[in-house]
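Residue numbers (this note's numbering), protein chains in the order written: chain W, 1 to 584; chain V, 1001 to 1250; chain S, 2001 to 2432; chain Z, 3001 to 3296.
By construction, these hints were calculated from the structure, which means they are not laboratory data.
Every residue, glycine too, gets a C-beta built ideally from N, C-alpha and C.
Among the hints, a few may not be true.
Said to hold, decoys possible - Calculated pairs, DSS-like style, for lysine-lysine (alpha carbon to alpha carbon, straight line, at most 30 Å):
1. S:Lys2360 x S:Lys2385
2. V:Lys1122 x V:Lys1136
3. W:Lys387 x W:Lys407
4. V:Lys1207 x W:Lys575
5. V:Lys1136 x W:Lys354
6. W:Lys407 x W:Lys354
Unchecked claim - Far from chain S, some chain Z residues (derived; all Cβ distances over 10 Å):
7. Gln3003
8. Ile3052
9. Ser3059
10. Arg3090
11. Gly3119
12. Pro3130
13. Gly3147
14. Gly3155
15. His3157
16. Arg3164
17. Leu3165
18. Leu3208
19. Ser3253
20. Leu3263
21. Leu3274
Stated by the list, open to error - Listing some non-contacts, in silico: residues in chain W with all C-beta distances to chain S over 12 Å:
22. Gly62
23. Asn129
24. Ala232
25. Phe318
26. Arg451
27. Ala569
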Amino acid sequence: MSPALQSYVATLLVYLAVNSIACWGLNLQFGVGGVMNFAFILYQSIGAYITAVLTLPRAAPGVPETYILGWHLPWPLPLAGAAVSGALLALAVGSFALRPRRRDFQATVMLVVSIIAATLVTSEQGWFNGGQGLFAIPQPFSGRLNLGISGYDWFFLGLVAVFAAVVLFFTDRLTGSPWGRRLRAMRDNAEAAESLGTGVRTESLKVYVIGGAIAAVSGGLLVEFIGAWSPAAWGTGETFIFFVAIIVGGLGNNFGAFFGALLVLGVFLELPTFLPTIGSSNTEESVQAAAIGVLILIFLWWRPQGVFPERKHALSRFMPAAAPEPAPGPSQPGTTLSVSDLSRDFGGVRAVDKVSFELLPGTATGLIGPNGAGKSTALKLIAGALKPAAGQVVVGAVNVAGWAPHKVSRLGVIRTFQHTSEFARLTVLENLLAAAPGQPGDSFGGSLLGRRHWRPRQRELLAQAAALLADFQLTELADEYAGRLSGGQRRLVEIMRALMAQPKILLLDEPMAGVNPTLRLTIEEHLRRLRDGGLTMLMVEHELSSVERVCDSVIVMAQGRVLATGTMAELRSNKEVVDAYLVG
Amino acid sequence: MPTSLAEEGIRATLTVEGLAAGYGDTPTITDVDLTVHRGEIVTVLGPNGAGKSTLLKAVLGVIRPMAGSVLLGDRDLAALRSDQICRLSVGYVPQVRDTFPRLTVLENLEMGGYTLPRKAVKARVEAVMELYPQLKRLAARQGGHLSGGERKMVALARAMMISPALLVLDEPTAGLAPQPAATLLNDYIATLAGTGVSLLMVEQRAKEAMSISDRAYVMAGGRVVLHDRADAVLARPDLGEVFLGRTGPG
Amino acid sequence: MQFASRRRLYFWATLVAASALATGCSSSTATSGGGSQSSTSGNYSVTAAVLHAFTGQNAFFGLNAANACKAAAHQVNAAGGVMGHQLTCQVFDTKGDPADAVPVTNRMLVSASHLVMVVGPDGNDIPSVLPLLEQAKVPEMNTVGDPRYDKQTSPDFWRLTPSDSTQAPALAYYAIHKGFTKIVEVYTSDLSAQTTTGPFRTTFSRLGGTIVKSLTISPDQASYQTEVANALAAHPQAIVGEMDARTAATFLSEMKQQKGSLIPFVVTQRATQGDWAPAVLPAIGAASMGSDIFAVAPALSSTGPAIAGFQQAMTAVKANPFQLKNPIVAATYDGVIAFALAMDAAKSTAPSAYVEDIAKVARPSSGATVVHTYAEGVAALAAGKAIQYVGASGLMAFDPYNTANRPYAVWTFNPDAHSWVMGTALPPDAGQ
Amino acid sequence: MSQIVLSLGFGLVTASILAMGAVGFTLQFGVTNLFNLAFGESMTVSAFAAYIAHNDLHSNMWLAMAAGGLAGMVLSLMISRLIYLPFLRRGTAQFAMVMVTVAVSIIGKNVLSAMSGSGFYSYQLPPERPVHVLGMVFSPRQLVIIGLAAASLLGLHALFRYSRLGKAMRATSDDAGLARSVGIPTTHLISAAWLLSGLLAGLAGVALAMDLGTFDFNMGGNFLLIIVAAAVFGSVGEPYGAIAGALVIGIASELAAIVNPELKNVVAFGILVLVLLLRPEGLISGRVQMRAEVAA
């Protein structure tokens, strides 16, 4: 190879590595965490700018160039600065852009932020020299190495490869850890994740910040290689190229993201320039760009999961094979739940009207009543999914009325959903593991410490999960995606998931709906055992035979109020209750 | 006025035979037979989860039957969408989401007459308003800002816009206080039968519903477990058990 | 699983086939400089790479430069080529993005056979591209205005038009000269506008003018009504500044609508770029375009064999008519010819050998034969004489930092001919 | 003071154009729950259609605008039927739908660029004598644009308030299942909403091209974001909110130009960010309809 060819090859590989790093960052945010970062290019750019101004010496007087800092730091400090700046910017932007619940709203806000930033950087000449940008940024060690024309490019490729390897290692660790599982669960169903103790906004912000830092590092490396950076290098549209890359490559799969970077940035954007010219240069470029659009449509239609779909985390092989331990009881005894004067109205209608009751540990209470009586609403009010208009919800000694659902659930108040709410792209086993609290790897820091740090605890949990699966006769489906199960099976997954969450107070919203009679008995058996183990349980259920078999006492609600309380037998002879059902 | 089957004088307005339906691949209801004759009020009773709503949805074309037939007169409804079924003179009052929340009461009624010729709508609105005089006062209110009873009345009036041959009501009194529920059943629904419309109603308030019904079907576990004249059904001593914990009558 | 892996196989197969196709085609990208193809067999042709944005907002840079290069190659080839080698122009699109430009440049260095010179890049790309060219020791010619290059020392950097730091004084000089002592300054907040405003202010007030209002406007807005009203409220005699094509079209049409007519607009050479007149002319009408817009741009020889040769060559390569009278296009054309003459003078096409001669062939010196076309230059060199090439863009004397500081002229637009016409030439040191 | 009044007038012109666009954008969101980022391309196509009608076929400018509106309708219906609906029926996820619209936008923009070249187009309208109204200055054409915007928004209001079609569209947007049960053919109504949104895109596109003086293939894409901003500002799916958003953003950016024209965008978008900070779902927090119902 001639030196020029070597340079070219090395350059392409450097770009591939840099873009892969960026794609891994975006994949972490969007593919794993579900955060639709339409400001992505902004983070690459802030990294590039900060690296530049930390590398450059202070702007010399008389030279028509102005920029902040100019600290002239030795390598690799500028890159560290870039990572910090990317993280800080993401923290600032994410703290408000992640406020709307709808992800496309979040995306719009980020797009807007990206445009505001581009306008400001272009017009504020004092920051990064405005529209002209920065140039003559020295390459790391370039003065001290004598490697010849292409030699330096290979050297730099080596540097970038090290960074890429570190980022890959790092993102793989995060994705594969219990924390990564929590993020994927949040991506699949934010509401359910919240009910299991995930602070959706906080976790989204974390993954946004980490992705921002990674993007910034990619920008820093790029600017160190090319030696110049200006607003022309980061048009808002470039964000979409990264999105195309990870969607085509495969969301949630780091190899897919790498492949997407190769395909879209490497092959697709480089390859057309080798094609023979057709028409004017402008027409040709337009046709190529339009072809990218068609490529996106084709992929979204025929292969929405990408070339390399998200890897299935098949964990069943780690489950203990024989002699499952007895099903888990709650690790601590239950807690008293007392509700007083709980009220909530919707558009003038009192859905829940001054409801009061107290549930003791070791008891199971049924909550029944005709449709529209306010049972599910009451459950949601207790769990924090709805904010009560008045009243108290005391868990142990803490009034949690008005708390966010994930905070309530961290006190051990675990709720199941009336409509199934499985994490569709997690396996059944992962659904169970995602709910278990107290995992050492279930935090950013913990996930970084690696498998050895969190595997012992995961083994315990796997054993628990194995026992549950065996009980519910779902062992065969442990590695199946929860989204592929039938309605009844999904219901079971949800119940098992709630049991894995070590509840102290379990709130069940129609757990028997869509479950066949045999399995109902299994569920009932479990619930009874949990109750006997000291758990506090409240169950909304239409299947009154199940209520009778599981619950010690039953609360009847009608029109938002508590109508009566007693055992099922007592209620059956209570005229008022029968009338509530028969008359209303 | 569309030619309604009622006017054609076909005896059985609705005939359901061997119907199975549900969500996904498992049927929620199986082997349901049911008829509604002209001018008759037929009520389907049963505890929650018995499959009553599923039955109605299958009749109305919201979900496709898995087996069996649904005949309106001699017309098979099984392959039709709900807007097409409406055009065959079937009115529907859903249990929840029964009015267009951001349309006014007047507009709700007009939408009820969507399938009527344009010119006929105004006269028909007036006629329906005469039927339910309280609606005049509410005409300009938005559907979402009504009380439960008012909303149900609007939904009923809206369904009456097309002078349906068959009117399907899904738990019309659910969520209503006893007084408005009684008014709704006795003053509004009961009187409809006299106008020649056939009614198929799902209801939880068995006693009151029976008092205005001609016949009743009791469903449990996705099947019809009891079928008789309304007064006979109400007289069954074991009715309470059907609702509160047993899966079938003794 | 079987199914998935088979699909994957298809995918890779397609990919491999596509890349094979691409490599197969890559040899056929060179476009000829047009004109006579009299290369003797066994003799290779040399390449001038046009490295510019051909897409996006700055695509007109590339289109101008490509035609200038082709026209120059046409002239060179008509006169027998460079030392017998045909000169061909090959296009490389930087997309106007300094990051995208780097791999493109590297590819250019690999794929252009016998690369002897680079035409371009433009202001956006040059910061990232120049180091690569220096490293590869390939000389380039550009028309960027960035004053950061005023004292640059690379032997491979050749700026064919003056720096913005001399354009701004010329702008100020002309405004004062025209009697506009009370002006409003308007710039769009983009790249080259920012480099002009500082030097302009200094010179303009030194010459006794008053800037009654200074506006920096953001490009691509739906309306500039308030900005226009603001400018007009100061009752200036003229507007001075720089705007990109789109912004100028909207700004000026709104001014015309508010005031009923335009006040004179003294604008930088940006106006003479290819996209400006087509955008602005229909927006403000021919009459205003002809009488109220004054562009201060490098001067062009108005007559003589140089301009005739230039225009004839441009016509031969089917250039857009406005390019025939465009000072930037002419300067680029002259640059390619000067580089070719330098090769002849150095008797080598090796860049490292001929860079020294680029300044020499264009430098005014006593005893040098003034030549106006490539053919004349080759003949004079063959006769053993020193030459001074004075081409279509006039005198091109490079300063010690390889910038050709040229005199400016005032250009006005002739709507009938649909082109800019050079008017009063400004003194060479206008405003300095 | 007089300058503020003057700028208010200028802002009104921009706001009129924005309002047509934002209402068109929000309308199809309200009925289909789709965040259509290819909306800008409908505007550009319409501007070109009007160009052909006016400059090549020598029709009257206002007729040409009608032609632009028609083009917008046809395009909008075609895109929805051929691309969006099939994807929606498949149950494509929300984020993926946004990418679908991005892809359509990329294709549209580049096909336009290939067809139109990189040149600029202009309707070449003759200059007019400005009109002074209450201290504001307008050209007669701008008055017509303001009038047109007002008329089309009032027309829309009338359509929604008084016509059967409009009410049925609102009914569909409220509750598509219930709408079907009263005999409303919801798929046709959704098509009608696309047509209407296309019409507004078309009118806004032509008006914008007139106001800009010149336009090119990039026009719609350049202004899409400010239109989306206006729509998001007033809660997407709420036409009256979109009008409010257009007025606020149009006028605020002109007022900002008095102080610092460089930061026009920053001010306009800054307001948006502020609104979203205080009310994450926009000014009028609308309820969000399930897209599945529409697709069914």
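Tested hints:
Proximity of Lys2360 of chain S to Lys2385 of chain S is assessed by CA-CA distance (about 12 Å); at most 30 Å being required, the pair is judged to hold. With a C-alpha separation of about 13 Å, the suggested pair Lys1122 of chain V and Lys1136 of chain V falls inside the 30 Å cut-off, and the hint holds. Restraint check: the Cα-Cα separation between Lys387 of chain W and Lys407 of chain W comes to about 13 Å, which is no more than 30 Å; the hinted pair holds. Note on Lys1207 of chain V and Lys575 of chain W: the hinted pairing holds, with a Cα-Cα distance of about 13 Å set against a maximum of 30 Å.
For a cut-off of 30 Å, the pair hint linking Lys1136 of chain V to Lys354 of chain W is broken: about 34 Å separates their Cα positions. Proposed proximity of Lys407 of chain W and Lys354 of chain W is supported: the alpha carbons are some 24 Å apart, at most 30 Å. In this structure Gln3003 of chain Z is not separated from chain S by more than 10 Å, as the shortest Cβ-Cβ distance comes to only about 7 Å. For Ile3052 of chain Z, the non-interface assignment is confirmed: its Cβ lies about 15 Å from the closest Cβ of chain S, beyond the 10 Å cut-off.
Residue-level check passed: Ser3059 of chain Z sits 17 Å from the nearest beta carbon of chain S, beyond 10 Å. Chain S leaves Arg3090 of chain Z outside its interface by the beta-carbon criterion, the shortest separation being 19 Å against a cut-off of 10 Å. Not every Cβ of chain S is farther than 10 Å from the Cβ of Gly3119 of chain Z; the closest lies at roughly 6 Å, contradicting the non-interface assignment. Pro3130 of chain Z, annotated as away from the interface, has a beta carbon of chain S within 10 Å; the closest lies near 6 Å.
The Cβ of Gly3147 of chain Z lies farther than 10 Å from every Cβ of chain S, with a closest approach of about 17 Å, so its non-interface assignment holds. Every Cβ of chain S is farther than 10 Å from the Cβ of Gly3155 of chain Z; the closest lies at roughly 23 Å, confirming the non-interface assignment. Residue placement check: His3157 of chain Z keeps its beta carbon more than 10 Å from all beta carbons of chain S (closest about 24 Å). Once the 10 Å rule is applied to beta carbons, Arg3164 of chain Z is consistent with being away from chain S; the minimum gap is 36 Å.
The Cβ of Leu3165 of chain Z lies farther than 10 Å from every Cβ of chain S, with a closest approach of about 31 Å, so its non-interface assignment holds. Listed as outside the interface, Leu3208 of chain Z is inconsistent with that label: its C-beta sits roughly 7 Å from the nearest C-beta of chain S, within the 10 Å cut-off. Annotated as non-interface, Ser3253 of chain Z brings its C-beta within 10 Å of a C-beta of chain S; the closest such distance is 8 Å. For Leu3263 of chain Z, the requirement that its beta carbon stay farther than 10 Å from each beta carbon of chain S is not met, with the minimum near 7 Å.
At roughly 19 Å from the closest C-beta of chain S, the C-beta of Leu3274 of chain Z stays outside 10 Å, upholding its exclusion from the interface. At roughly 9 Å, the least C-beta separation between Gly62 of chain W and chain S is not larger than 12 Å, which violates its mark as non-interface. For Asn129 of chain W, the condition that its CB be more than 12 Å from all CB atoms of chain S is violated, with the nearest at approximately 9 Å. Consistency note on Ala232 of chain W: stated as away from chain S, yet its beta-carbon is not over 12 Å from all of that chain's, at 4 Å minimum.
Against the 12 Å criterion, Phe318 of chain W stays outside the reach of chain S, whose nearest CB is about 20 Å from its own CB. At roughly 25 Å, the least C-beta separation between Arg451 of chain W and chain S is larger than 12 Å, which holds for a residue marked as non-interface. Against the 12 Å criterion, Ala569 of chain W stays outside the reach of chain S, whose nearest CB is about 55 Å from its own CB.
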